[in-house]
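**Student:** Chains as they are written, first to last, in numbering that gives the first Met the number 0: chain L, 0 to 637; chain B, 0 to 297.
Rather than coming from a laboratory, the hints here were simulated on the basis of the structure.
Just so it is clear, the structure is predicted and the values come from calculations on it, not from any experiment.
Idealized CB from N, CA, C, for every residue including glycine.
Certain hints may be false.
[What the hints assert, rightly or not] Here are some chain L residues pointing at chain B (derived, C-beta under 8 angstroms):
| # | residue |
| --- | --- |
| 1 | E318 |
| 2 | D385 |
| 3 | R459 |
| 4 | G460 |
| 5 | I609 |
| 6 | A610 |
| 7 | F613 |
| 8 | T617 |
| 9 | R621 |
[As the list claims (entries may be wrong)] DMTMM-like cross-link-like pairs, simulated, lysine to aspartate or glutamate; straight-line CA separation at most 25 angstroms:
| # | chain 1 | residue 1 | chain 2 | residue 2 |
| --- | --- | --- | --- | --- |
| 10 | B | K170 | B | D190 |
| 11 | B | K170 | L | E503 |
| 12 | L | K462 | L | D423 |
| 13 | L | K462 | B | D81 |
| 14 | L | K462 | B | D141 |
| 15 | B | K170 | L | D152 |
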Amino acid sequence: MAYQVVFQPDDISTEAGDGELLLAVADRAGLSIASECGGHGVCHLCRVIVQQGRIRPRDQDEIIEITDTPREVLACQTQVAGDIVVQVPVESRVADFAEAIAASLSPPAAALLASPLSPLVQTATVKMPSPTADDPEPDRERLNRAILQQQPDWSPLTIDLPALRRLPLTLRDADFHASVTVADEGHSHRIIQTNAAHDRPLYGLALDIGTSTLAAEIVNLGSGAIVAAAGLPNQQFRYGADVITRIIWSQEHSDGLEQLHQAIIDTIAELLQDLCQQCSIEPEQIMTACCAGNATMISLLLQIPPDPIRHAPHIHAAEHVPVLSAHQVGLPIHPQAPIFCMPAVSGYVGGDITAGILAMGLFATDKLSLLVDVGTNGEIVVGNKDWMMCASCSAGPAFEGAGIDCAVHATSGAIQNIDYDPEDDCFTFVTIGQTGPVGLCGSGLLELLATLWRAGVIDRGGKFNEELDSPRMRERDGQPEFVILWSTENATGRDLALQQADIENLLRSKAAIYAGITTLLDQVQIPVADIEQIYLAGAFGSHLNITDAITLGIIPDIPTPRVAAVGNTSLAGAYLALLARPARERAANVVAGLTYIDLSAAPQFMDEFIASMFLPHTDLSRFPSADTVNDKTNIVQG
Amino acid sequence: MSFELPTKQWPAQVNTATIGATAEEGGTRTSKVTVGGETTLPFLHFEGQMPHPPVLAMEVLDEAPKGWPEPLMEPFADVLGDPAAWAQKCVEEYDAELIVLRLDSADPFGTDASPDQCAENVRAILEAVGVPLIIWGCGDYDKDNEVIPVCSQAAAGERCLLASAVEDNYKTIAASALADDHLVIGESPLDISIQKQVNILLSEMGLPRDRIIMYQVTGAVGYGVEYAYSILERTRLAALGGDAMLSMPMLSIVGSEILWEAATATVFLHGGTDILVMWHPEAVQHIRALLADLMAVS
Numbered sequence: 000m001a002y003q004v005v006f007q008p009d010d011i012s013t014e015a016g017d018g019e020l021l022l023a024v025a026d027r028a029g030l031s032i033a034s035e036c037g038g039h040g041v042c043h044l045c046r047v048i049v050q051q052g053r054i055r056p057r058d059q060d061e062i063i064e065i066t067d068t069p070r071e072v073l074a075c076q077t078q079v080a081g082d083i084v085v086q087v088p089v090e091s092r093v094a095d096f097a098e099a100i101a102a103s104l105s106p107p108a109a110a111l112l113a114s115p116l117s118p119l120v121q122t123a124t125v126k127m128p129s130p131t132a133d134d135p136e137p138d139r140e141r142l143n144r145a146i147l148q149q150q151p152d153w154s155p156l157t158i159d160l161p162a163l164r165r166l167p168l169t170l171r172d173a174d175f176h177a178s179v180t181v182a183d184e185g186h187s188h189r190i191i192q193t194n195a196a197h198d199r200p201l202y203g204l205a206l207d208i209g210t211s212t213l214a215a216e217i218v219n220l221g222s223g224a225i226v227a228a229a230g231l232p233n234q235q236f237r238y239g240a241d242v243i244t245r246i247i248w249s250q251e252h253s254d255g256l257e258q259l260h261q262a263i264i265d266t267i268a269e270l271l272q273d274l275c276q277q278c279s280i281e282p283e284q285i286m287t288a289c290c291a292g293n294a295t296m297i298s299l300l301l302q303i304p305p306d307p308i309r310h311a312p313h314i315h316a317a318e319h320v321p322v323l324s325a326h327q328v329g330l331p332i333h334p335q336a337p338i339f340c341m342p343a344v345s346g347y348v349g350g351d352i353t354a355g356i357l358a359m360g361l362f363a364t365d366k367l368s369l370l371v372d373v374g375t376n377g378e379i380v381v382g383n384k385d386w387m388m389c390a391s392c393s394a395g396p397a398f399e400g401a402g403i404d405c406a407v408h409a410t411s412g413a414i415q416n417i418d419y420d421p422e423d424d425c426f427t428f429v430t431i432g433q434t435g436p437v438g439l440c441g442s443g444l445l446e447l448l449a450t451l452w453r454a455g456v457i458d459r460g461g462k463f464n465e466e467l468d469s470p471r472m473r474e475r476d477g478q479p480e481f482v483i484l485w486s487t488e489n490a491t492g493r494d495l496a497l498q499q500a501d502i503e504n505l506l507r508s509k510a511a512i513y514a515g516i517t518t519l520l521d522q523v524q525i526p527v528a529d530i531e532q533i534y535l536a537g538a539f540g541s542h543l544n545i546t547d548a549i550t551l552g553i554i555p556d557i558p559t560p561r562v563a564a565v566g567n568t569s570l571a572g573a574y575l576a577l578l579a580r581p582a583r584e585r586a587a588n589v590v591a592g593l594t595y596i597d598l599s600a601a602p603q604f605m606d607e608f609i610a611s612m613f614l615p616h617t618d619l620s621r622f623p624s625a626d627t628v629n630d631k632t633n634i635v636q637g
Numbered sequence: 000m001s002f003e004l005p006t007k008q009w010p011a012q013v014n015t016a017t018i019g020a021t022a023e024e025g026g027t028r029t030s031k032v033t034v035g036g037e038t039t040l041p042f043l044h045f046e047g048q049m050p051h052p053p054v055l056a057m058e059v060l061d062e063a064p065k066g067w068p069e070p071l072m073e074p075f076a077d078v079l080g081d082p083a084a085w086a087q088k089c090v091e092e093y094d095a096e097l098i099v100l101r102l103d104s105a106d107p108f109g110t111d112a113s114p115d116q117c118a119e120n121v122r123a124i125l126e127a128v129g130v131p132l133i134i135w136g137c138g139d140y141d142k143d144n145e146v147i148p149v150c151s152q153a154a155a156g157e158r159c160l161l162a163s164a165v166e167d168n169y170k171t172i173a174a175s176a177l178a179d180d181h182l183v184i185g186e187s188p189l190d191i192s193i194q195k196q197v198n199i200l201l202s203e204m205g206l207p208r209d210r211i212i213m214y215q216v217t218g219a220v221g222y223g224v225e226y227a228y229s230i231l232e233r234t235r236l237a238a239l240g241g242d243a244m245l246s247m248p249m250l251s252i253v254g255s256e257i258l259w260e261a262a263t264a265t266v267f268l269h270g271g272t273d274i275l276v277m278w279h280p281e282a283v284q285h286i287r288a289l290l291a292d293l294m295a296v297s
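Could you put together the complete structure from these sequences and hints?
**Tutor:** Following this line, the structure appears as C-alpha cells:
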C-alpha cells in the first residue's frame, strides 16, 4: 500500500509505505530535515507542517485526518497513513545533513567527517557493452574494467563468491547496467553485491553494545543522515548483571559462550526490526556496521572466550579486531557487510571509550579534559591531545535502570527531568517525547535523588525520613518507599515508587564513579581544580541537570560551565567511524597513546568509595557549592 | 651537644565531652567524667597535653548472662541478675568511673522486656550509684527505638551517654538525647568514613559536637586488634589534623571481647581511646596501674 507524499515548497513528490515515518520519507526523497536526537522526538528540530492528509502519531492507532487546519508535527514522531502534503519550514531544513550532525559534535570530531564521507562500503553504477562474439570478455573482467575506469583507486578489485554467483544473471537481467557495492579493505577492494542499476542510498549500522543497554542507529552512508535510532536492554541480562558474572557464565557452562553470543545477536535482531521499520528498509540493505563496546561485550559478540579479562593481569583477546564479515559474526544484516570494531585499549576500557574520545575530540584539545562514561562499568579518561590516561570502575547498572522498580529505558515516556516541591507535596517533570510518564531514566533517577535530598525526604546517607508527613511515604514489603507517581498519574497502571534499596544501589553507583575519578586523578597527581572540562557521558543522556550531578557528588565540584552532559558518546564515536576513514585511523591512534591504570591495584579506591557513599561526600569541604543545598552543612566549618 | 626531642604542633585538638550531671548541673550524680581535649597523640606528654586521662567504665547486664565462661562470671556471681547491686559492686569495690548498662533483656528474640521494665533498671542504677551512666540498647533497631526514648526520659537531666546510633538508625536516639539532655555514641563498623558520616548525620539532627562520642566496633587481640588500632589512630590523626567531624572522644569495648582483656585494652589506649569499657576486675586493676604509669609525666 503506497501513498503519495508531497514536500513543499520544493514540490518534491515521493511514494511512502503505510506507517513510514515522515523523517525517513523526507530523507529518502533527498530532503534534509534537521534532527539531532536520532529521531527520539527530543530535539524538536524536525518540525514540519502537515497541510492535508492522513497521519498517525508514532506507535499509536489513532489516525488524524487533516483537511482545513494545517497541523505542526515532529517528522520523527509522525507516520504516514495516507496521501499527504507537507510544508517543510526553513528552520527545519539543512542543506547537508552531515553538516547538521557535525554541528552537534565537537569541532575536532566534526573535522573527521570532512567530505567526502568514506565508509567501509561504497557504491558505483556502471554501464558495460553487452558481450558479443567479437567482445567475449567474461562477466567479472568486464565488470572490473568498467568499474576501474570510473574508480581507478579501487584496484586491485576482488569479488565475493555470493556476488559472483549472482553476477551472470544480474548483468543480463539489467542489460549490463549495474550498481555494485564494494567493501574498502585498505589495500584492495572487494565487490560484495551487484544489482541492476539504481540510485538508492547505502545504509550502515552504528552500534553501541553496552553491558546493560544496546543502542543503534541506521545511517544513510551517502548523506550521513541518521534515519532510525533505537535502544534496547541487553538480553544477556539473564546471565548476570555485570561483565564478571557473564564471563563466569561463559566459562562454567559448556554452551555458555554460545548463549551469551546469541543473546547479543538476538538483541541486535530485535533492534533491527524496530530500526528497519522506522525507515522502511530491509536488514539486508544494511551494508556495513561499526560496533563499539567494552572488551567483554566485543569478545562475546565474536564468541572469543573472555575469561582472561577476569583474571589479573586482565588481558583481552585483541586491541584491534580485523574487519570481519557480517556472516562470520552472525549479524543479521547483509552477509558480506564489513564489520568494524572500535579498538580497545584494555580489558576494562574498551572500544566504547575509544569512541567517546573520538566523539568528544579529546585527541585534539589543549584543555585538560575528563571523560566519564557512566555505564554498568564506569570508565574515566583524563588528558588532552598530548597524553591520556584511563581507568575503570564497576558502577553497576543502577543508573541504567536495572533492578530499580520505577526506572525505564530512555525512550518515549521516560521522565528525564524531575523536581519535587515539598510545600505542595507534588512532582513536576519532563518526559522524553512529552508523552505520558512510564518511569524514570538515568537523568531522571539522578535528579530525583537530588530533589528528594534537597526536600529532606532522604538524609545524607540516603535513608528515608520515615517520619515525613506525606501520604507518599509508606512501607512495602517491609521496606520504606516514596511514591513518585500514583497509579492514576502514569501509564503503567501501578504506583511508581522509589524504594530504600533503590537509593542504596544508586548511591553505590555514584560512589564508584566518584571514587574512580578521584583515585585516577590522584594517581596522575592532578588536582581537581586543574580540570578544564568534564564530559559526562552514558546513562544520564544529554538532558541532565549538571548542578544536580555535582550536588550528589558524582563528579568533582568544578564550575558548571566546565561540565557537559554529552549522552551516548560510544554511539556517536561509532557513527563517526562508520562514516569516515579518518575517524577509524584516529581510533587506532588514540588507542596507541592511551595508558590504562588498574585501580584495583590502588588501595585508596575502597576508602574513597566508602567516603563517597554519602551526599555529596563524607568530606563536605570537597563540595563547597553543594553547601547551599542544606544550610546545616556549615557544621563542618564550626 | 644536647639532644633536642623533635615535637609536632597539631593544628587542632580533640573535643571534650562531659558525661554525668551533678546537683550543680541539675542532675543527681555525685561525680561526672570529662574526656577528650588531647592536643597530641596518646601519652606524648613532651609534645602536648592530655588534660583528661582515659577513664574506665564497667559493664552491667540487666539480666544474668547465659553461657558465659565461669572465670568471667565468678567475680560477679553474687550480683548477676541484680543490675543495681552489680553496678554498686563495680563502683564500690572496683572503682569504676562509669557504668555501662546493657539492656540485653530488651532483645525481642530473648526476654523481650518492655521499655518500662528497662527504664525501671535505669532508675534503680541511678539510685544505687553516683557515677555517670551509659545506657546501651540491645541492638535491634526497632526495639531500641521503643526502649531508648523511655529509658532516656527516666534519666532526663542526668547527662547519660545513650548507645548506640548507627548509620541506619540514629534519628530516635538523637532526638531522645536532645530532649532529655544526654550524649550519644555514634557507632561504625571499623570504618573511618562511615564513622564520619554518622557524626555528620547526628550533627545535622542538631546534636552539638561536644555531645557525641565515637565507638568503632573493635576486635580483641587475635581477632584483628591491629586493624582496630589503625582505625583508632587514623581517627585521632584526623582529629588532630583539623577534621571537626572526627574530633570526638573515642570509646572502646574490651570486656565483652573476653580474651586478653588487659592486653587489648593496652593496645586501644595507645590508639587513643578515651573511654574503656571493661569487664574483669583484675584486668581493670592492671589497666588502672598502667594508666597511672603512662600518665605520669617524667
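**Student:** Please write out, lowest number first, the hints stated earlier that are contradicted by the structure.
**Tutor:** 1, 2, 9, 13 and 15
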